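Participant: For the protein sequence lines, the chains are A and F, in the order given. Each number in my numbering corresponds to the 1-based position in the first sequence with 9 added. Each number in my numbering corresponds to the 1-based position in the second sequence with 812 added.
Check before you lean on any hint, since a few could be wrong.
Said to hold, decoys possible - Within a straight-line C-alpha distance of at most 20 Å, the following computed DMTMM-like cross-link-like pairs (lysine to aspartate or glutamate) qualify:
id: 1; chain 1: F; residue 1: Lys-884; chain 2: A; residue 2: Glu-272
id: 2; chain 1: A; residue 1: Lys-334; chain 2: F; residue 2: Glu-832
id: 3; chain 1: A; residue 1: Lys-145; chain 2: A; residue 2: Glu-272
id: 4; chain 1: A; residue 1: Lys-334; chain 2: F; residue 2: Asp-824
id: 5; chain 1: F; residue 1: Lys-948; chain 2: F; residue 2: Glu-916
Said to hold, decoys possible - Not close to chain F: a few residues of chain A, all C-beta gaps over 10 Å, as computed:
id: 6; residue: Thr-134
id: 7; residue: Ala-144
id: 8; residue: Glu-149
id: 9; residue: Gly-172
id: 10; residue: Leu-230
id: 11; residue: Ala-268
id: 12; residue: Gly-320
id: 13; residue: Asp-330
The hints are simulated quantities; they were obtained by calculation from the structure and are not laboratory data. This one's a predicted model, so the numbers in the text were calculated from it and none came from an experiment. Glycine is no exception: its CB is placed at the ideal position from the N, C-alpha and C atoms.
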Amino acid sequence: MDDSKTIFQAIGEVDDGLLLDAEAAWERGALRRSAHWLRWVAVAACFLLVAAAAVYWPLNREVPPPVSADTSTADDGGEQPDSGTCAPADLPAPVDPVFNELTGGLYTAPGGIYALLAEDYVPMTRAEALDHFGAKLPMEEAAPELRQESGGEYGVYRSGERGCYYDVNCFRFSSETGEKSITVSLRTTLIMAPSPSEVRSNPETLEPTRINGWDLILFDLSGGNGVPRYYTEFFQGGAAWYVTGQGLTADEFVRVLSALLEEKTAADGPATVTGTVAAVDSRYGDYFDGQEHHYTESHDYIKLELDQGGGLTVWLPGEADRYAKGDRVTVTYTGEPATVGHIWPGQLGGVAKAGE
Amino acid sequence: MEDREIVALYWDRSEAAVAETQARYGPYCLAIARRILGSGEDAEECVNDVWLAAWNSIPPHRPACLSAYLGKLARRTAVSRLERSGAAKRGGGEAALSIEELSECVPGRWSVEGALEGQRLSEAISDYLRGLPDVKRRVFLHRYWYARPVREIAARFGFSETKVANMLSRTRKGLRRYLEQEDLYHG
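Input sequences plus hints: build the corresponding full structure.
Facilitator: Below, the structure is given as structure tokens:
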């Protein structure tokens, strides 16, 4: 027992980054399957797919197969299956999506760590969870190849004292082979907590893509393994949405977003919000990329608690020190927050202090 | 309040630092201590020790990640208290079970007297964990750092309990092989 206790104690002193990563995974509530496992599943699924197609395809020719926007086979009248793409029935693909590079790496934030008490957990069905967020996920229209993964667990943490204090839920869809997937995480609680894309080396260069009237910031998180991975965040219906697409083409990812985003019809006027400065940070800059800690150059921003609820981080390179905690401010910006709760310099109209 | 501001309060020797820390990390540290100690009362006393330890150690320390710093303090304090109380030997708590499971990691010719100094051993374990696939590493840490029950880990990540138990068993054996191969002991 003593020897194993020594190891138990030594485990307690492992690198901080490993702990942050583990805690972030706990918060997300889902671990990625290893590539090794996926390979075997993919191989097995491919065999099954081929066998199933050989047997059933002739019986199902009356079902219109999906149309690929990539291969421009509309003239085929839907006669040919397009198993390689997540093809929509009739959703137009926006022109020229811009994928921004997330140079700061994924940020596993200590701000996301808090106690979740098991006795406060309220399990839900998938439908109840979607109702909780007032969300719809019409994936069958946008990406018929993707199916909802079974075995998902849904619920929120709620207590009499704290109310509903944690409600992150992940809704995952994947293709039969597991090569393509979409993960939609929704939350209404603790939106002030740092988001995965908070740290960027150069937020001034972000470029939006217009989808359904929204100016979204899309990120390319593809690694060196050749599998495309795209990501974006946005607010909709009072919830923060975090959407990750893996193995999808850029167009497929954008089509999924088109299905998830309600059409915006409002004119493109600048938005104005008011709030109180909750924090001023003019030198923040360490993050963990899954391997090691990095220390970046200064990132000036202020964090606001908005009068309407929720929070907003406003990037103010070289100007954050003009503000102090408690200041009342009005922020004007165009488009959507660059990521959940972030206004980047390119979209900022101005920040006015009350009384100035 | 942001972590950086809380740390600044410690450096300013402002007692508000402790209040802010309690507000932000009280439940987190309490949960760690409770899982290791089992008893709620012991855990609360343990967490009070954590605030004192934080007050006494910041400065000179300026933790880059306050949550990890406090979490480690809480775990260290709880393990120390567990050892003093002999509860681990009596069994019953999740930590005691974790420790028992970890006997599989102890290299054959190892002894406490010959063991590496704690810091080097921790570095070796960190190196081993970095080389693991994400899933195995995270499951291992939730079991042996956070002392979470296998059932809870399985439910959280959508695995069966058997799968988690098997994954942990393989990781433990892998760690043992790693410690043996790297000759990280003075047998």
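Participant: Which earlier hints turn out false for this structure, listed by number in ascending order?
Facilitator: When the structure is compared with the hints, only number 1 turns out to be violated.
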